[in-house]
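**Q** Sequence:
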Amino acid sequence: MTSINLTVCLLIIGSSLISVLCDVPAPIIKSLKVNCDIKYKYATTLVSSRILNPANVSQEVHFTVTLPQEAFITRFVMVIKGEPYEAYIKEKEEAKKDYDAAVGAGQSAGHIFQTSSRFSKDFTVSVNVAAEEKAEFNVTYEELLTRKNGTYKAEINIEPHQIVPNLSIVVNIEDVLPITHVRVPQFKVSNEIDQSDGENPNAKKEVISPNKVRVEWNPSKKEQKELKPEGLNGQMIVEYDVDVSNKTQQILIDEDGYFIHILRNDLLPVLKKHVVFVLDVSGSMTGTKMDQLKQAMEKILSDLSEKDYFTIVLFSDSIIAWKEDGVDINSLNYYYGYDGEERKSISVGEENVITATKDNIKNAINFTKSLETYGGTNINGGLRVGIDIAKMGQKKFKNDVHPVEPMIIFLTDGEPNTEESDPDKIIDNVGKRNTEKVTIFSLCFGFDADLNFLKKLSLANNGFSRRIYEGSDAALQLNNFYKEVASPVLSDVKFEYLPEKVENTTAETKNLFSGSEILVLGKVKPNSTVSGVLSAMTAEGRRMLQMPIDYLFLPPIEHKPNQTKIGYLEKMWAYKTIKSLLDQNTVSENDTLKEKAKELALKYKFVTPLTSLVVVKPNVTSVVDDNQQDNKYPSFGGGYAPAGASGIAVGITRPAMRPSVFGGPHLSSLSSSYAGPMPLGPMPAPDMLMPESMAEENVYTTTISGSITADNASVIPYTNVTWLNQTISDDGLYLQPPPEVDINDVIALNETDVSTSRCSNGNPCRHFIFCSLHSFADDFQDYLPYKCHIEPRFLGVCCPI
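Throughout the sequence shown, residue numbering follows this note's numbering, covering 100 to 900 in sequence.
One or more of the hints may lead you astray.
[As the list claims (entries may be wrong)] In silico DSS-like pairs for lysine-lysine, Cα to Cα no more than 27 Å straight-line: (1) K695 / K624; (2) K609 / K536; (3) K371 / K536; (4) K624 / K670; (5) K536 / K406; (6) K132 / K252; (7) K554 / K531; (8) K233 / K252.
Source of the hints: derived by calculation from the structure; they are not laboratory data.
Make a model of the complete structure from these sequences and hints.
**A** Written as structure tokens, this is what we have:
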């Protein structure tokens, strides 16, 4: 969860000597504590880490937290020398302006960013910690847990990469229904799926009441070494479920009128289904990927019920669809027919809709085992044929007493390059053709495929996308995905609330699978109840389902003095609404959707693709006199990330060299008698700072640095001039310096305290940073009588000293 980049060398700069000293003791994590509170399936996780710099020089410490992919950061606080520095959520474009101002002020680049890995994303922040001092980092993130295959799962990444003397993880679970089981598997030390059924023997489970359970794990140093000699690097997982047998529907309401409507039913008969597999067999699938696809298809086909139907469509440059009497995969070459003549179109019919009998499954498995790969990637053609066969199936089953649910499982490992290569045009073509609104689930195999394209494709067609990571467990990943969607019990679910009674309801998925649930959040209008109509397609046909008439009113939440009163359901509603708005915007970009999502993210303090985390970092590397206290400098801004990126080069304190975003030398600590600002070279252009593959959410920081010495008590550090520094108003908005002040002119590089002119009163005109006075610290108008210029540009003070 928390990782430290080890400092290898120390760069010493003197007046005429530059040398490198190695073997500086690495920072030590003294404690790492994780507290996860899960209330009504909404998880709030606080990660706290205390780090010691054992060296006799300052060192740069990197604090990294790996978050679940669906989580939002909501708070970050650093404590340096007992002083807290809290980050703030800002709108992305405002952060860009602040960042540009900081760049103009001569700030240098470092790396504060978020990246993505398997099912997760990383938040990293760096700060210089003084010699033999401690730093404390606290990050809070929130996530709405999803029920899959009858289980809620909280995944907590623990990654200190060193043995930690004080390491603890606490998970508190509370629900309105009785908790039926809690399981803590063995600590997971690999990204890959482990089918081991063993539990962590040292994790303590305490049943506080039928509705409350506490899980605690405090691995000793010995236990940590046994799991991983160099320090833990993996996941603690807590799985649980609640008793849903008598509560297929629930409505919970809080004191502010926010409600959650939960629909789940694991006892309903499973719908018959027609599964259309649209599979990529292009040249890039050669080797391990194809072997794993064959393994997965054997298991998936074997798990089909005899009442189900299936279709196998293969695409490379061209397309074929398997039939009961077989098909030669080499006919792919025939259907291509692209040598200067019109493309031959594949003819499909009801013979491509296969009943899942034992013999048909056996023959289909043998066919998939014979698959070979070649050619390009005709995604448009593959989806066209898959949709056409799904529609034929719907026509065939139209008069069946028991409805058949169609679904397309589409898998590719590459980008379209045949027939149609524009992803947006493919999505448009699919939308026009998919008149029956067949659900499309997209699987992105490996990293070459365009996940954003597949996500948009599935969202536009009532499904979802998933990346299948290359590895020895890829076949298992495919199987686990299929299990999630293999048992639909309700389809085309519609919640229609009375608008005069209910408002601001969240959009939801249209299908309910056994072992899962559908959640709708909203707000009841004053003096009203949750009323409306619920309907769905069941195994017996379309049915009206009665909404529950007994509500559970949640107890009021106790809040600390001056704390904003936000209940669990309100926070869940905001989380779900933001996710829904962002998904809708993915399908069809819309300024109104983005504005609504941004407003909610700012109000409820979520870091999203539209908002940024501004990390206020203290200047702990400035050289000061022994008698001068370190000054805590307010932030002068945030940052900017290119569209689709999540990280940013950031302003850093001087004098320090930081590793680049893409790695490289790490010379992180400087010692010098030089007390002026240090130029570190030009700032890279923002669009050159981050790879496009990084996660969506943005984390930025800048720091204005500078310190002076003065014998006269009337002189203060220029950063204590309140009208100069960026501040936070009572309403949480950022206030800028007066428009008359060009901050670049105030803190422009000026290595020596030299007077180049005299004011009319005879006082020397000194650079602003060397003569900031108490007398004008709080009001810009009080500064005007002292105002002068050094050279034509740099702001100065008619200094009376």
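**Q** A separate judgement is required for each hint: does it hold in the structure or not?
**A** Evaluation of the provided hints:
no.	hint	verdict
1	K695 / K624	holds, 20 Å
2	K609 / K536	holds, 11 Å
3	K371 / K536	holds, 17 Å
4	K624 / K670	holds, 18 Å
5	K536 / K406	holds, 22 Å
6	K132 / K252	holds, 20 Å
7	K554 / K531	holds, 18 Å
8	K233 / K252	violated, 34 Å
Of the numbered hints stated above, the single one contradicted by the structure is hint 8.
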